[in-house]
Each structure stands twice: as structure tokens, then as C-alpha cells.
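Asker: In case you want the letters, here they are:
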Amino acid sequence: MTLHDRVAAVGALMIRVVRSFGRAGLFFADLIVHMPAALRRFSLVVRQVHAIGNRSLVIILSSGLAVGFVLALQMYYALVPYGATESLGQIVNLSLVRELGPVVTALLFAGRAGTSLTAEIGLMKAGEQLAAMEMMAVDPRSRVLAPRFVAGVISMPLLAILFSAVGILGAWVVGVLLIGLDSGNFWSLMQTRVDVWRDVGNGVVKSFAFGVVCTAVALYQGFVTEATPEGVAYATTRTVVVSSLSVLAIDFMLTALMFSTP
Amino acid sequence: MNQDTLIEIDHVTFGYDASRTILDDISLAFARGKVTAILGGSGCGKTTLLRLIGGMAAANRGRVVFDGELVDARNRSRLLVQRRRMGMLFQFGALFTDLTVFDNVAFPLREHSGLSESMIHDIVMMKLQAVGLRGAADLRIAEVSGGMARRVALARAIALDPELIMYDEPFAGLDLISMGVAANLIRKLNDATGATSLVVSHDVPECMAISDHVILLGNGGRIVAQGTPADLMASSDPETRQFVRGEPDGPIKFHYPARALAEDFGVDPVGGPA
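Protein sequence lines correspond, in order, to chains A and B.
This note's numbering applies: residue 1 is where the first sequence begins, and numbers increase by one.
This note's numbering applies: residue 1 is where the second sequence begins, and numbers increase by one.
Note that these hints are calculated values from the structure, not bench results.
C-beta: ideal position from N, C-alpha, C; glycine also.
Possibly wrong hints are sitting among the right ones.
[Stated by the list, open to error] Listed next, with one range per pair, are the computed distances between beta-carbon atoms: (1) G25/A / G43/B: 34 to 40 Å; (2) R16/A / L176/B: 45 to 51 Å; (3) E99/A / D161/B: 55 to 61 Å.
[What the hints assert, rightly or not] Facing chain A, from chain B, some residues (calculated, C-beta under 8 Å): (4) L80; (5) F96; (6) A136.
[What the hints assert, rightly or not] Chain B is nowhere near these chain A residues, computed Cβ spacing over 10 Å in every case: (7) G22; (8) L94; (9) L169; (10) I179; (11) S183; (12) W187; (13) S246.
So that you can see chain A by itself, here it is in the shape it has in the complex (with noise of 0.2 Å):
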């Protein structure tokens, strides 16, 4: 291969890049524009929610349980030799709510719900639904994009709430019935330490970014896969990669925007 030949494939494959984030940047911008379209037709919308919410429930409930438990073990731990031990609720709450709770929520909705619904659009796609509907004068974006999309950015807060809701609990089963701490003092630190708008707020915030970006990643690769099984199967594997990526770039970005200040 010459040198000529070298610079020319690092252009083409610039080229791609580019052409890409182009590709995906109107993806987005369709998406924005035709959620009104879908709220005009919010039936579609509670059906999504049930489906890419309710039934990612399980998942989401049990990890925040074990995250919960475990957390507050590493915590205790970490805090004996301090006497702190009390503080054991305070840590454990903010750690879910301003990170844990939303990061760990996103990373599971990209494998529960961000794969299921790339293999939906990309078989609908595959099996030219999306195109009968295009010939039906029923615009997919309105009908099928959109609707899901929205689902998705309701969805992801409300199960990052309850993940660190239920974490809570977990960490209160251990810390207070297993280890034997006092319950006063667990829920009394809690609510003296934890802001509702600088703690959780803001996490709820973020968990709001993340269902954007999942959703629009998880329906973004659905709509340009290649309409075979193998292109399928590529796509929802970068529907996990690209949202897990993204989702710990934004949460490093949101963080030191957040709590730059002590």
C-alpha cells in the first residue's frame, strides 16, 4: 500500500465518521421534531412505557437491591475504623442518588431495553414494516419512533428513582437489621443531608439525559441497521456499547458541572 493510498483511506474513513455523526445528529433532530406528533397520541406513549418501563422493573428493583446491600457492607467497613459508622445512611443515599442510582439504571436500561427496542425497530426494518407503513401514508417517525422515544426519556427517571429507592432499603436491611446500627439515626442524617434539589434533583437530571441519549442510541441503530440478521445482531451490540460509553462520558461531564461546588 503507498502513502498515497494510506492518507487516502484515513480520509475516507473521516469521511464516514463525519457523514456519520451527521446521520445520527438528524436522526436526532427528527426525533425532536416529531415528538409532538407522538404526545398528540399518548396511548402510544403508555403503551411504550409499559413496555420498555414496566417490564424492565425486575431487572432494575433486584440490582438496586443488591447495590444497596453491598454498598452498605463496603461502607460499613470503610467506616469503623473512623467511628462514622452513623453516617451510614447519608453515604449510602448519596451515593445512589447523585450516581450510582442513575449511571447503573442507564447501564442496565442500554441491555434490557435499549437492545430490545434496536432488534424491534431493525427486524421492523428487516421485515419492511417500516416501509408498508411509509406506503400506508403513516410517517414511522410519528407512529413508531417517536412514541418510543419519548417512553424512553419518561421511563428513565422514574426507574432511576426506584433503583435508588430500593437501594436504600437494602442498605437500611443491612446496616440496621443485619449489622444493628440505629434506625433513627439512618433516616435521621438522610433527610439533614441530603438536598432534595442539589442530590436529588440532580440525579434525576441526569438519569433525564441518559433516557434521552439510550433512547435515541437504541432507536438510532434499529433504523440504519443492515436488514439481516447478522446487521441485527451488530446493531444491538452497538446500541450497548455506544450508551454505556456515552452515558459515563455525560455523567463525568454532569458531575463537575453539578457539584463543582462542595
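Given the coordinates of chain A, assemble chain B onto it according to the supplied hints.
Answerer: Then chain B, alone, in the frame of chain A:
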């Protein structure tokens, strides 16, 4: 454009990429109220032609005109209006697998008609009766056979009584009884509603029996012949004769272009090992 012409294909050239031309500078006119069959071998651009008429793809050159209006894949709002006057039966049905047979046929009615549910129920049952599937209304799509799915798709395509009905391989996968029923149905629907029908198919006898006009497309996206079914059956053109009679030898090659057989098998053309 002639008043009797519903669709005009005007010097259209199309290819999915620059290296391969599917349709090459073709011009056609589809008469209003007639059944036109578009025949040709696999990959000759029959389905692509339907996609261009439906605005699902844009011609590289030339124009497609539907009832005096340009079909422009980039003008979505006009396209949606035009598509309300079209119905299309897809090659593999393209049914919504999360809905029942009834809901699939009701889908376009619920989206566009504004009719009450009781009216929609009656219309759907009439369409299902026409395709012989009234008793299957409550079945899920996964529960119906391939041939039944095709008939459900046909019922859905005619749900809104469109002016133009495009059938992409309507006879593929049907048993002989269903094929005969489907062919008669296409003809009867056309005559009863005054619609214009375009039937893309490989099935020469069925198409010849129900069509007013037949177009034969050849490889490389060109028109080989067109005329009445009787014209094509009596044609002396070797390519037309080979296709309508299904002869293995002739100008239409069965094999995809390839290197010499000896080269691929690594033997000397004379007979000995290479």
C-alpha cells in the same frame, strides 16, 4: 400527459450505487383503470420500478409522474398525500407482527379514515371475506401460514380502496387454489373499484390471464417488449419467447457471468490437471 394515463415513467435511470444500473433510461405509461403486469427475471428492476412509483426511492435521472403530479421522494408532505391514493402488497407481506390479522387490515383505516370502530369492523370483515380469511380475523400473524399472510397483506392493501394498487409478487408462495383466487381477486377488484393495478410477477400464465397490458423487463434495466398478453405470446422476439415459454436456452442466461469453468476447478482446459 394523456388523460387515460395514471402513471408516467419518463426516461428514468436508477441504480442503488453508481457501479450498477438497475433501470436504464426507461419510459412507460400505465393506463388508468387497467391491470398491467410487469414481468421479468430476478434482479431486472421490477420491484425497483414499484418503489420509484411509490416514492420509496428517487430516480437518478428522469421523472415519475402520478396523476399529473411529480413523485418526489424528497417532498415528504406531498408524498404522504399521494400515498393515500396508493396501496401496495409487499413481496413478503410486511405485516405488523405485533398485531392480529384484524388489526393489520384495520391499521390504515384507523390511521386515515376517521371512521367509528363499528364501521371499521364492518369494512375489515368485508375485506377479509374478499380474501377468504374472515374466520382468521383474531389470529396473530405468527399463527397464519405464508400464503394466508399474503392474503392478509392483500386485504390491508385494498382497505382504503386506493386508486392505484401495486402488487409485488402476489402469487409467490401460494398454492394453486389460492393463486387462482388471488388472480381473480386482482382482476375483480380492478373492475369493481375502477382502480389501476400494477402486478409484478414471475408467474406468466396467471399474469397473462388477468392483465390488459404486459411489460417485459430484461436484465440491465431495459424494456424487452410490451403489449397485450396475446401480443407477447405471439411475439417472435427470441428473448420474449424464451421468457413467456420458460425455455432454459436462449438469450436470457441462467448462469451469472463467471470465469471459465476450468479456471475455477483448477484443471487444464484440454482435460489434464493444470
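Asker: Range first: 55 to 61 Å. Now tell me if the beta carbons of E99/A and D161/B are that far apart.
Answerer: 58 Å Cβ-Cβ, so the 55 to 61 Å window holds.
Asker: In terms of Cβ atoms, is chain B entirely out of 10 Å range of L94/A?
Answerer: holds (42 Å)
Asker: Since L169/A was said not to touch the interface, does its Cβ keep a gap of more than 10 Å from each Cβ of chain B?
Answerer: holds (36 Å)
Asker: Mind verifying the non-interface call on G22/A? Its CB should be farther than 10 Å from each CB in chain B.
Answerer: The claim stands: G22/A keeps its Cβ more than 10 Å from every Cβ of chain B (closest is about 17 Å).
Asker: Taking the beta carbons of R16/A and L176/B, is their distance inside 45 to 51 Å?
Answerer: holds (50 Å)
Asker: Just double-check S246/A for me: nearest Cβ-Cβ distance to chain B has to come out over 10 Å.
Answerer: holds (29 Å)
Asker: Taking 10 Å as the cut and beta carbons as the points, is I179/A off the interface with chain B?
Answerer: Holds: least Cβ distance 48 Å, greater than 10 Å.
Asker: Could you let me know if the closest chain B CB is still more than 10 Å away from the CB of S183/A?
Answerer: holds (48 Å)
Asker: Under 8 Å, Cβ to Cβ, is where L80/B needs to be relative to chain A, so tell me if that hint holds or is violated.
Answerer: holds (5 Å)
Asker: For the hint on A136/B, does the least C-beta distance to chain A fall short of 8 Å?
Answerer: violated (19 Å)
Asker: A closest beta-carbon separation below 8 Å is what the hint needs, so does F96/B meet it against chain A?
Answerer: Holds, because the Cβ-Cβ distance from F96/B to chain A comes to roughly 6 Å (cut-off 8 Å).
Asker: With 10 Å as the threshold, tell me whether W187/A passes as away from chain B on beta-carbon distances.
Answerer: Non-interface label on W187/A holds, nearest chain B Cβ at 45 Å vs cutoff 10 Å.
Consistency with the previously given hints fails for number 6 only.
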